[in-house]
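Undergrad: Sequence:
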Amino acid sequence: ELQIMDKEIARLQTLRGINTGELYTMRGKFKALARDYGMGFMFWYWTVWVGMATGTYLVLEVGGVDSLALIAHLDGLTGMELSTKVDPTLGTIGVTLVINEFLEVVRLPFVVLTTRPVVNFFSASSS
117 ELQIMDKEIA RLQTLRGINT GELYTMRGKF KALARDYGMG FMFWYWTVWV GMATGTYLVL
177 EVGGVDSLAL IAHLDGLTGM ELSTKVDPTL GTIGVTLVIN EFLEVVRLPF VVLTTRPVVN
237 FFSASSS
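Numbered per my numbering, the sequence shown spans residues 117 to 243.
Hints should not be assumed to be uniformly reliable.
With beta-carbon atoms standing in for the labels, derived distance ranges [what the hints assert, rightly or not]: (1) I120 <-> S241: 21 to 27 Å; (2) K201 <-> T170: 21 to 27 Å; (3) L139 <-> F218: 23 to 29 Å; (4) R132 <-> G180: 18 to 24 Å; (5) T136 <-> F218: 29 to 35 Å; (6) K201 <-> W165: 25 to 31 Å; (7) H189 <-> R151: 27 to 33 Å.
Hints in this document: simulated from the structure, not taken from any laboratory.
Virtual Cβ for every residue (Gly too), placed ideally from N, Cα, C.
Using the sequences and the hints, build the whole thing.
TA: In structure tokens:
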């Protein structure tokens, strides 16, 4: 009986989201996924986040990108002197984090579109 009630609550929340227009925005879909899939959603989001950050760091390191040169270029645009005060390794990590945040525009739609099948796949294989 509890499963029947859960299904009815989920149906009513979906109808509420449709009526308010919440499910028609990326933010609304994100909130609905977090509500419906909970820890599975958060685990998938952070897996994708860490994977993209690691990939970005490897591209910067293996590709021979000079992070301090990027920071020095930004110093020229902003009038700051960060490049002289930053350790090269920390500079690469900082540039990685900034690029990773810019990639959120790609990451969030990807996670929203793939959460349901990924969570369902892992829940089906664990039971």
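Undergrad: Could you work out which of the previously given hints the structure breaks and list their numbers from low to high?
TA: Going through the list in order, the structure violates hints 4 and 7 and respects the others.
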